[in-house]
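**Student:** Chains F and X, in that order, are what the protein sequence lines are.
So in the working numbering, the last spot in the first sequence is 128, and the numbers never skip.
So in the working numbering, the last spot in the second sequence is 438, and the numbers never skip.
Please note that a few of the clues may not be correct.
[What the hints assert, rightly or not] Selected chain F positions facing chain X (in silico; Cβ < 7 Å):
no.	residue
1	Asp37
2	Ser69
3	Asn72
4	Ala85
5	Thr88
[Unchecked claim] Which stretches of chain F does chain X cover? Using the computed rule of at least three CB atoms under 8 Å from a CB of chain X, they are:
no.	segment
6	5-17
7	20-27
8	59-65
9	94-102
Source of the hints: derived by calculation from the structure; they are not laboratory data.
Even for Gly, the Cβ is constructed at its ideal location relative to N, Cα and C.
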Amino acid sequence: MTKVIVQGKAKGTVLKTTNPINFLGAVDKKTGIIHDQKYDIFEKSIKNSILVFPHGIGSSVGAYTIFSLKNNESAPIAMICTKADLTVASGCALANIPMIVVSHEQFDSIENGKDIELDTESATILN
Amino acid sequence: MELTKEEQSALNGEKGEALQTAYRILVATGEATNAEKLVPVNWAHLSGVNYNTIGDSGEEFLRKISQDIKVRVKTTVNPMGFDFDHISEFDHIDDDFIEKQKSIRDSYIRMGVEPTFSCTPYDIYDLPEKGTQVSFAESNAAIFANSLGGLKTNKESAFSALASALTGKSPYSDFRKDETNYPLTIRMKLENPNELDFGLLGFFAGKVGDTSVTISGVSEPDRRSCKALCGGMGTSGTCAKFQFRDDTETSEKIDFGKEEMNKIYDELNTTDKGDLITLGSPQLGLQELSDLSNMLKGKSFQKRCMIFCSRAVQHQARSLEYTNEIERAGGEILSDCCTCLTPLIDTNETDAVTTNSVKGAYYLKNSTGVDVNLKPLSKIIEDETK
Numbered sequence: 002m003t004k005v006i007v008q009g010k011a012k013g014t015v016l017k018t019t020n021p022i023n024f025l026g027a028v029d030k031k032t033g034i035i036h037d038q039k040y041d042i043f044e045k046s047i048k049n050s051i052l053v054f055p056h057g058i059g060s061s062v063g064a065y066t067i068f069s070l071k072n073n074e075s076a077p078i079a080m081i082c083t084k085a086d087l088t089v090a091s092g093c094a095l096a097n098i099p100m101i102v103v104s105h106e107q108f109d110s111i112e113n114g115k116d117i118e119l120d121t122e123s124a125t126i127l128n
Numbered sequence: 053m054e055l056t057k058e059e060q061s062a063l064n065g066e067k068g069e070a071l072q073t074a075y076r077i078l079v080a081t082g083e084a085t086n087a088e089k090l091v092p093v094n095w096a097h098l099s100g101v102n103y104n105t106i107g108d109s110g111e112e113f114l115r116k117i118s119q120d121i122k123v124r125v126k127t128t129v130n131p132m133g134f135d136f137d138h139i140s141e142f143d144h145i146d147d148d149f150i151e152k153q154k155s156i157r158d159s160y161i162r163m164g165v166e167p168t169f170s171c172t173p174y175d176i177y178d179l180p181e182k183g184t185q186v187s188f189a190e191s192n193a194a195i196f197a198n199s200l201g202g203l204k205t206n207k208e209s210a211f212s213a214l215a216s217a218l219t220g221k222s223p224y225s226d227f228r229k230d231e232t233n234y235p236l237t238i239r240m241k242l243e244n245p246n247e248l249d250f251g252l253l254g255f256f257a258g259k260v261g262d263t264s265v266t267i268s269g270v271s272e273p274d275r276r277s278c279k280a281l282c283g284g285m286g287t288s289g290t291c292a293k294f295q296f297r298d299d300t301e302t303s304e305k306i307d308f309g310k311e312e313m314n315k316i317y318d319e320l321n322t323t324d325k326g327d328l329i330t331l332g333s334p335q336l337g338l339q340e341l342s343d344l345s346n347m348l349k350g351k352s353f354q355k356r357c358m359i360f361c362s363r364a365v366q367h368q369a370r371s372l373e374y375t376n377e378i379e380r381a382g383g384e385i386l387s388d389c390c391t392c393l394t395p396l397i398d399t400n401e402t403d404a405v406t407t408n409s410v411k412g413a414y415y416l417k418n419s420t421g422v423d424v425n426l427k428p429l430s431k432i433i434e435d436e437t438k
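Work out the full structure, taking the sequences as your base and the hints as a guide.
**Tutor:** Here it is in C-alpha cells:
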C-alpha cells in the first residue's frame with residue numbers, strides 16, 4: 002500500500018533512519034546535516050538523499066525548515082514515511098519534494114544506502 | 053479528498069498564485085490525514101514568525117505572499133525573535149537579524165493578523181464555544197485547545213495553519229471529527245507534582261503516545277502545570293490531545309513514576325548551574341505573573357532573569373502592578389518573544405541556562421546549543437535569589 006502525499010519522481014540513494022525526525026530541532030537548514038546526537042543518522046547529511054524515516058515530530062515550524070532546505074539546495078530529493086504528519090506533508094507540498102507513505106513492511110524492506118527510483122504516478126519503488 | 057467547484061478552481065490557480073499555494077498545502081495535508089473534505093475554521097494560530105527558525109527563505113516567502121493575499125479568519129501569531137522595545141539592551145544581535153525580523157513582522161501585519169506574537173493565544177483571547185473548529189500550529193496551543201479548551205484542531209504545521217488562515221478552511225480529519233479514542237493511559241505515580249514534573253510527564257507522554265492519551269492519578273493541576281504539560285507533550289512527539297481521567301478502560305497502561313521521570317530529566321538536564329534564568333515557554337500568563345510577584349517579595353535575583361510573557365498579558369500585569377515586585381527583584385519582562393530559539397540567548401555569551409521549562413530545555417540544548425539546568429520555579433527562587 003503506497004499513498005501519494007506530494008507527486009513527483011526521484012532517483013537516488015536511500016538515507017534511512019528509524020528515528021522520527023524533528024526538523025526544526027535536529028536538522029541544520031543550511032547544510033542538511035543532522036546535529037542531534039540521539040539520532041542514528043547523527044552527523045549525516047540528508048541533502049540529495051531519498052530520506053526514509055517513520056514520520057516527523059516536534060515543532061510545527063519544521064515545515065519552514067524543509068522549505069529552507071530546498072531553497073538552500075540541501076533538501077532530500079524525496080521522502081518516504083510510514084505515517085504522514087502535517088509538518089512534513091505541508092513542508093514537502095510547498096517545497097515540491099515528492100513524498101509518499103508506505104506500510105511498515107515496505108518500510109522495513111527498504112535498505113539504507115541503496116539506490117532506488119521513486120515514481121508517484123505509477124506508485125512504484127524500484128530497486 | 054473531495055473539493056467543491058470553488059476550491060478546485062482555486063487549486064487550479066484561477067484565483068491567484070497565493071491562494072493556489074494555500075490549497076496545494078491543504079490538499080497535501082488532507083491526503084496525509086485521509087480527509088474527505090475541507091471544513092470552515094474560525095481561528096488560525098500561526099507559527100513561523102521568528103527569523104531564527106524560518107530564515108531567509110521564510111522571510112522571502114512571507115514578503116512575497118503578503119503582497120497578494122490577506123487572512124480570511126481571525127489569525128494570531130507566534131513569538132518573534134526578540135522584543136523590539138528592549139533590543140538596544142542586547143548589543144550582540146546584528147542589524148541584519150533585526151531588519152529581517154522587522155520584515156517578517158511587517159509581512160504578517162500586512163496579511164491582517166492580530167499582532168499577538170505569543171505562543172499562548174489561549175491566555176490572550178476568550179476561547180470560542182466548545183466544539184469550534186480552529187487551526188493551531190504551535191504545538192502547546194493546539195494541545196491546550198483540544199484538551200483543556202474543548203476546541204477542535206489537528207496539530208497543525210506552520211504551513212497548514214497559514215493555509216487555513218488564508219482560506220478559512222482545514223481538512224476534516226483526525227481531531228476535527230467527533231470521537232477521540234484514547235488508546236493509552238499514563239498512570240501518574242509522582243506525588244505532589246510541581247510544574248516541572250508536569251513538563252516531564254508531557255515530554256514522556258509525547259514519546260509514548262501517538263495521537264492522544266489519558267492521564268490518570270492527577271487531581272486538577274493549576275494552569276502553570278497544565279501549560280508545562282502541553283509544552284512538554286508538543287515538543288517530543290505527535291500526541292495532540294489528552295484527558296485527565298481515572299476510570300478509563302483502555303487496554304494499554306503505562307506508569308510514569310520516579311524512574312521514568314529521572315530518565316527524561318537526565319536527557320534534558322545537562323548541567324547543575326546556569327549563567328542566567330529564563331521563565332516562560334510557554335509564555336507566562338497573568339496568574340503566573342501574579343504568583344511570581346508574590347514569590348519574589350523581599351527577594352532579588354542574583355543573576356540575570358528573563359521573564360517571557362505576551363504583550364497583552366504584560367499590559368494587564370502592569371496595570372495590576374504585578375510587574376513592580378518582579379522588576380524590583382531584577383526580573384526583565386520581555387514580550388513578543390520566548391525562551392525557545394530567541395537570539396537574545398547566545399552561545400558566545402552564555403554557556404548554560406536555568407529554567408523550569410521542559411520545552412525550553414529541549415530547544416536551548418538542541419537549537420541554541422547551550423547547557424540546561426532544569427528546576428521547578430520554587431527551587432529557582434530558593435537557589436537564585438537573596
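**Student:** Confirm or reject each hint.
**Tutor:** How the hints compare with the structure:
no.	hint	result
1	Asp37	holds (6 Å)
2	Ser69	holds (4 Å)
3	Asn72	holds (4 Å)
4	Ala85	holds (3 Å)
5	Thr88	holds (4 Å)
6	5-17	holds (count 3)
7	20-27	holds (count 5)
8	59-65	holds (count 7)
9	94-102	holds (count 4)
The structure agrees with every numbered hint stated previously.
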